[in-house]
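Trainee: Going line by line, the protein sequences match chains A and B.
Position 2 (the first sequence) corresponds to 1 in numbering that gives the first Met the number 0; numbering is contiguous.
Position 70 (the second sequence) corresponds to 69 in numbering that gives the first Met the number 0; numbering is contiguous.
Calculated from the structure, these hints are not laboratory results.
Given the structure is predicted, the values throughout are model-derived calculations rather than measurements.
Quick reminder that beta carbons are idealized off the backbone N, C-alpha and C, glycines included.
A couple of the hints might just be wrong.
What the hints assert, rightly or not - In silico SDA-like cross-links for lysine to any residue, where the CA-CA straight-line distance does not exceed 20 Å:
| no. | chain 1 | residue 1 | chain 2 | residue 2 |
| --- | --- | --- | --- | --- |
| 1 | B | Lys-80 | A | Asp-72 |
| 2 | A | Lys-73 | B | Leu-75 |
| 3 | A | Lys-73 | B | Ile-90 |
| 4 | B | Lys-80 | A | Gly-8 |
| 5 | A | Lys-73 | A | Gly-8 |
| 6 | B | Lys-80 | B | Thr-63 |
| 7 | A | Lys-73 | B | Ile-87 |
| 8 | B | Lys-93 | B | Val-78 |
| 9 | A | Lys-73 | A | Asp-20 |
| 10 | B | Lys-80 | A | Phe-64 |
| 11 | A | Lys-82 | B | Thr-19 |
| 12 | B | Lys-80 | B | Gln-92 |
| 13 | A | Lys-73 | B | Gly-83 |
| 14 | B | Lys-93 | B | Leu-74 |
| 15 | B | Lys-80 | A | Ala-30 |
| 16 | A | Lys-73 | B | Leu-58 |
| 17 | B | Lys-80 | A | Leu-65 |
| 18 | B | Lys-80 | A | Gly-67 |
| 19 | A | Lys-73 | B | Asn-20 |
| 20 | A | Lys-73 | B | Ile-7 |
| 21 | A | Lys-82 | A | Glu-3 |
| 22 | A | Lys-73 | B | Thr-19 |
| 23 | B | Lys-80 | A | Met-69 |
| 24 | A | Lys-82 | A | Phe-92 |
| 25 | A | Lys-73 | B | Glu-89 |
| 26 | A | Lys-82 | A | Thr-27 |
| 27 | A | Lys-73 | B | Leu-24 |
Stated by the list, open to error - Covered, in the sense of this in silico footprint (three residues per stretch, anywhere, with C-beta under 8 Å from a C-beta of chain A), are these stretches of chain B:
| no. | stretch |
| --- | --- |
| 28 | 18-31 |
| 29 | 36-44 |
Stated by the list, open to error - Partial selection, computed: residues in chain B whose CB lies under 10 Å from chain A:
| no. | residue |
| --- | --- |
| 30 | Ile-4 |
| 31 | Ile-12 |
| 32 | Ala-55 |
| 33 | Leu-58 |
| 34 | Ala-69 |
| 35 | Val-76 |
| 36 | Asn-86 |
| 37 | Lys-96 |
| 38 | Asn-97 |
| 39 | Val-101 |
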Amino acid sequence: MILEILSVGLIISACLALFLDEIEASVTALAGTFLFTALLYALNGAVFAAIFQFAIGVGTLAILFLSGEMLSDKPKTRSSPAKIGALLGGGVFLSLPAIFLSIPGSNSQTFMATDNSFGDSLWNLNGLDVVLQALVVLTVALGIAIILYTRKKGGQ
Amino acid sequence: MDFVILSIVMLGIGIYGLLTNRQLLKVFISVELIATAATLNFVMLVTSAGQGLGQAFLLLAFSTDTAVSAVILALLVVVSKRYGTSNITEILQKVGKNESEVEE
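In isolation and in its complexed conformation, chain A is listed as follows (with noise of 0.2 Å):
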């Protein structure tokens, strides 16, 4: 029960966020979006993402708040009582889907109940090193080929 109305405070935040008309508020929205976020992740039993996810978002926040009072234009009108509640009404119209359906298939047991082949190749024989180090040489490589067709190009 708890999951479903952090998911309804998740969801409604959101659209706060982002349609009320007041950047200061639309800020706090968007903390009270990072908190039910670091939340459901907690609860789930990811309590390091969950510490990450609160930690940038304060780190977000701060900035956010900062640029906003900078940077925005005082709006002319504030959001009206009934944009709220529209809102609102909205966000958990919206959360509806997300408590009451379900894609058949998209627990996470049946997509990953061979093994974990794959996590043990990358991480256990440095598979993951050797791919970033090969994105890193292939990136180098494309840096350096564009390089030499631009300055061919501009030679002729």
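Starting from the structure of chain A, add chain B where the hints point.
Mentor: Relative to chain A, chain B alone:
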């Protein structure tokens, strides 16, 4: 309770906000919501499977998210200072005016 649908709804809200809002900070908030939706989907799938490895990979996703936020915020500050407004419509009008002056 299906977290895939929850993250799809979050993604939809973020994309709708990205397409309809004309304030730069609201666009930034939309991008944050989209990133949160993607991370939420990933975390819920991994944790319900009981694999700690996913949380390790999640650090990479959070780092990328933070880097994207920093770059967007830097661009936002530069554009706002240059054009004196944070409204996308007014910025586009000023850009069009500058281009027509250059052509003349």
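Trainee: If a hint holds in the structure, say so; if it doesn't, say that too.
Mentor: Cross-check of the supplied hints:
1. Lys-80(B) <-> Asp-72(A): holds, 13 Å
2. Lys-73(A) <-> Leu-75(B): At roughly 17 Å apart (the allowed maximum being 20 Å), Leu-75(B) and Lys-73(A) satisfy the hint.
3. Lys-73(A) <-> Ile-90(B): holds, 17 Å
4. Lys-80(B) <-> Gly-8(A): It is violated: about 35 Å lies between the C-alpha atoms, which goes past 20 Å.
5. Lys-73(A) <-> Gly-8(A): Violated. Lys-73(A) to Gly-8(A) sits at ~27 Å, over the 20 Å cutoff.
6. Lys-80(B) <-> Thr-63(B): Violated, because 26 Å separates the two Cα atoms, which is more than 20 Å.
7. Lys-73(A) <-> Ile-87(B): holds, 15 Å
8. Lys-93(B) <-> Val-78(B): holds, 11 Å
9. Lys-73(A) <-> Asp-20(A): Status holds; Cα separation ~9 Å.
10. Lys-80(B) <-> Phe-64(A): Holds: Lys-80(B) and Phe-64(A) sit about 17 Å apart, inside 20 Å.
11. Lys-82(A) <-> Thr-19(B): holds, 17 Å
12. Lys-80(B) <-> Gln-92(B): The hint holds at about 16 Å.
13. Lys-73(A) <-> Gly-83(B): holds, 13 Å
14. Lys-93(B) <-> Leu-74(B): holds, 17 Å
15. Lys-80(B) <-> Ala-30(A): violated, 26 Å
16. Lys-73(A) <-> Leu-58(B): Since the Cα atoms of Lys-73(A) and Leu-58(B) sit roughly 37 Å apart, the hinted pair is violated (cutoff 20 Å).
17. Lys-80(B) <-> Leu-65(A): holds, 15 Å
18. Lys-80(B) <-> Gly-67(A): Holds: Lys-80(B) and Gly-67(A) sit about 13 Å apart, inside 20 Å.
19. Lys-73(A) <-> Asn-20(B): The given pair, whose Cα atoms are some 15 Å apart, holds under the 20 Å limit.
20. Lys-73(A) <-> Ile-7(B): Judged against 20 Å, a Cα distance of about 32 Å means the pair is violated.
21. Lys-82(A) <-> Glu-3(A): Since the Cα atoms of Lys-82(A) and Glu-3(A) sit roughly 24 Å apart, the hinted pair is violated (cutoff 20 Å).
22. Lys-73(A) <-> Thr-19(B): holds, 19 Å
23. Lys-80(B) <-> Met-69(A): holds, 10 Å
24. Lys-82(A) <-> Phe-92(A): Between Lys-82(A) and Phe-92(A) the Cα gap is close to 15 Å, so the pair holds against 20 Å.
25. Lys-73(A) <-> Glu-89(B): Holds, at about 15 Å.
26. Lys-82(A) <-> Thr-27(A): holds, 17 Å
27. Lys-73(A) <-> Leu-24(B): holds, 13 Å
28. 18-31: holds (count 9)
29. 36-44: Our answer is that it holds, as 5 residues pass the Cβ test (under 8 Å) against chain A, meeting three.
30. Ile-4: Holds - the Cβ of Ile-4(B) comes within 10 Å of chain A, reaching about 4 Å at its closest.
31. Ile-12: holds, 5 Å
32. Ala-55: Where the cut-off is 10 Å and the nearest Cβ of chain A is about 8 Å from Ala-55(B), the hint holds.
33. Leu-58: This hint holds: Leu-58(B) lies near chain A, its Cβ roughly 7 Å from the closest one there, short of 10 Å.
34. Ala-69: Because about 9 Å separates Ala-69(B) from the closest Cβ in chain A, which is inside the 10 Å limit, the hint holds.
35. Val-76: holds, 7 Å
36. Asn-86: holds, 7 Å
37. Lys-96: violated, 19 Å
38. Asn-97: violated, 20 Å
39. Val-101: It is violated, given that the least Cβ distance between Val-101(B) and chain A is near 23 Å, above 10 Å.
Hints 4, 5, 6, 15, 16, 20, 21, 37, 38 and 39, counting from the list given before, are not met by this structure.
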